[in-house]
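Trainee: Modelling step: build the complete structure from the supplied sequences, incorporating the hints.
Those protein sequence lines, which keep their order, are chains A and B. In this text, residue positions in the first sequence follow our numbering: the first is 968, and each later residue adds one. In this text, residue positions in the second sequence follow our numbering: the first is 14, and each later residue adds one.
Treat the hints as calculated values from the structure; they're not laboratory data. Just so you know, nobody snuck in bad clues.
Far from chain B, by Cβ distances over 10 Å, these chain A residues were calculated:
#1 S1008
#2 N1010
#3 D1014
#4 Y1021
#5 L1022
#6 T1052
#7 Q1054
#8 N1075
#9 N1081
#10 F1104
#11 S1106
Just a few of them, taken from the derived set where beta-carbon distance is under 7 Å, the chain B residues facing chain A:
#12 V28
#13 Q35
#14 H54
#15 V57
Virtual Cβ for every residue (Gly too), placed ideally from N, Cα, C.
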Amino acid sequence: MSKLETNTIDTVSGSNTLTLGSTNTSTISVGSPISNGLTLSDNILFDTASKGIYLGVTSATSSNLLDDYEEGTWTPNVGGNATYTVQTGDYIKIGKLVYVTGIIQINNLGTGSNTTIVGLPFSGDNSNPFNGSVGYFNSLASSVVNITPYNQLGNTNINFRTLTSASNSSGTSNTIFQNGTRVDFSLTYLTA
Amino acid sequence: MAITKETVVGKVEVVGEFKAVQIAMDTLIKENGKVISQTRHRHVLHPDMDISNEPQEVQNICNTAWTQEVKDAWNTFKQEQEDLE
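Mentor: As structure tokens, then:
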């Protein structure tokens, strides 16, 4: 095993590469704060999953650790043997926060649920409910004046509270899906 | 120049009190073996779901995580949620 000595690098110019060996456990330490910022010419890639960056603090505080970012797709569905004309979903996850969008248009509801969309990309926190919004709907099974999607506690379902007339209280989960129903929605929630 | 497409299990996580199994399936487009494009699709499995169509490695994880105690706790939790609606 080679010994890593303490050296001072005064000047690095051109396209030099500093290599400390492929399997060492050394820490590269900058003697004093980098006062003029840090500019990199490529992405940062950790060699271990779930590592991140502490933001806004000078000590390792777990509540300030950003260690997850992901974007992808998911498939909203109503279960059973339902078929669809449109069925798309996207998500972005930043830390524990998940933002999803989805469009679902039923072709034939069959044995699918008439109240619930399932298939969220991450399981929801089971201590708080989360609400979203519906930007467009068509051919609902009920006529409504308000419709609000919400994530049921601790699972991957979306239900919809609806109001069929003006009210001073939020609605209840009603039948909304039938053949031809289209709902465009978004939801923000926390993961387990 | 060979272009290929394959779908692989990118990540499996077991999370929460009820051992939800979160699965990321990655679709990889490769040119001569080198990944040139990648997309991720996710879904989640709960203890009362049918997992027979999942990859074997996912089934193995589910079967390990979902003890009878976990299944019972999940079913109780679900019933409590339905009773609230």
